[in-house]
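J.: Line by line, the protein sequences are chains W and Y. Using numbering that gives the first Met the number 0, the letters of the first sequence correspond one by one to residues 0 to 191. Using numbering that gives the first Met the number 0, the letters of the second sequence correspond one by one to residues 0 to 281.
Hint data in this document are derived by calculation from the structure and do not stem from the laboratory. A portion of the hints provided could be inaccurate.
Facing chain W, a subset of chain Y residues (Cβ under 7 Å, in silico) [as the list claims (entries may be wrong)]: (1) S41; (2) S43; (3) V83; (4) T86; (5) N225; (6) I228; (7) V232; (8) R257; (9) E258; (10) S259.
The list that follows gives simulated cross-link-like pairs (lysine to aspartate or glutamate, DMTMM-like), each with its CA atoms no further than 20 Å apart [said to hold, decoys possible]: (11) Y:K234 to W:E89; (12) Y:K274 to W:E53; (13) Y:K164 to W:E100; (14) Y:K280 to Y:E216; (15) Y:K234 to W:E65; (16) Y:K234 to Y:D33; (17) Y:K274 to W:E65; (18) W:K45 to Y:E166; (19) Y:K23 to Y:D33; (20) W:K45 to Y:D161; (21) W:K71 to Y:E258; (22) W:K45 to Y:E258; (23) W:K71 to Y:E236; (24) Y:K163 to W:E100; (25) W:K71 to Y:E262; (26) Y:K164 to Y:E191; (27) Y:K20 to W:D91; (28) Y:K20 to W:E89; (29) Y:K132 to Y:E109; (30) Y:K23 to W:D91; (31) W:K45 to Y:E176; (32) Y:K234 to W:D70; (33) Y:K23 to W:E89.
Every beta carbon over 10 Å from chain W, so not counted as near; a handful from chain Y, in silico [claimed, not checked]: (34) R47; (35) D91; (36) F201; (37) G255.
Quantities reported herein were computed from a predicted structural model and do not represent experimental measurements. Cβ coordinates follow ideal geometry from the N, Cα and C atoms, glycine included.
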Amino acid sequence: MNIPDQKFKVVVIGGSAGSFSVVSRILSQLDPSFSVPIVLCLHRLKHIRSGLVEGLNMKSKIPVVEPYDKDKLRPGIAMLAPSNYHLFVEFDGTVSLSTEEVNNHSRPSIDYAFSSAAFAFREKALGIILTGANRDGAQGIKCIHDKKGFTIVQDPASCEVDTMPRAALKLFTPNQVLKPDEIVQVLNQLKG
Amino acid sequence: MGFILDADYNILNMGVSLSIKEIKTVTSEMSKYDCLDYSGHSFSFLKRRLGHIFSQLKIRRLTQFCEQLADENFRELINYHMAVNVTEMFRDPGFWRVLRRDVFSLFDKEGWSVWFPDTPSGEEVYSLLILLKEQGILNNVKVLCQHPSKEKCREISEGVIDQKKIEISYNNYRRLEEKDLFNNYFIEKEGEKYFNKELLEFCEFKCASVGVGDFNEKFDLILFRNSGINYTVRKKEELLARLLSNLKTGGIIALGVRESIPEVFHNQLCVLDRKESIFKKI
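Between the sequences and the hints, there should be enough to build the whole structure, so can you do that?
T.: Here it is, written out as structure tokens:
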């Protein structure tokens, strides 16, 4: 397994159908001293504002919060994109929210979260794309790849729905194609 | 400034991707004109919206863009396309429920006033008017809608609504546990639905920059939901200071549900409902 040796300013994880259980599994196995800020961009029902963050917090080893606009990324805190808002990572290490048009039928759009992190932090961004039923996220994680960031695609064989990771694999060759437990191993060895 | 854009057509449906230098050039040229000062908007917002405009208006050269700024119609087009439309009617049904249950009753039954300092599309205004109508107080409330684009103001005053949003708006309305009267508020013209203009009788429209105006009038309620997120922290503070100066003591201001009140205003406002971001001026 290839463990990246650069320091990262953010880890962005995107997923859609079936991703709740995978994200929950990843967060439940993280080292409690994990020190890189995490952004979670998961497709979710736009009219249900509560429940997801509470569900993730039940098992997570690090706090999961839904940010307010312009909140700062913080080491060892996972920020979950709120329902019906796009989330963008900014140069100054804050996140901004937006109610702009849906992208790939999605708000939050995973493409937007990935591409903003690539633009803001270039090679210091790490992107992980998980199971999902549409193509949102594939172009965005390619942006991280293009800016020399580190990219991980969930092994399609381990996905509940493999459309999203396969869409990414059609566009570029990521640094790693891993199963959820292997993704945790990489994350727990990252330098913040 | 005669150079061709260093921009690519973006793969993410965000229009043209402008460089930092290009964005600075464009916003600096724009800010020379009244009603076109976007220098207080956050960088990522400008990157996305200017990219959108360059793509929509098929602009390939910065010089082309800057020369056209002298044309009033072009400036109007920019204001029109910079706007981020409200996503749907009754967005965050919980907010509208609190407004109906806890806020309307705070104001003078004889008459009160509402200000929308940034009204990019009709959904938010129409939602309020429906609630007022159903509470039987529509005729007692004066509503002022403001936007820098004349065309946006015209569209709202004509009851224009994005047809694609009607179903989701209806579903939100139903979540308010209201009577099923939604369709009564629309008329149909040539196969398209329009908001019934009769409900707009007590609405005024003002074409002016967001939050800017020579208002001696103070309002009972200011709805500024999800507009502040487009600005830098500093500009948002400036705007909120202006808005609060136009809010009566005891009046209410509502922001988007994922917006917080900057610390500098904590001594001027108390929380009426934190989950729905509704605050009362002390």
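J.: Checking each numbered hint in turn, tell me which of them this model violates, lowest number first.
T.: 15, 34, 35, 37
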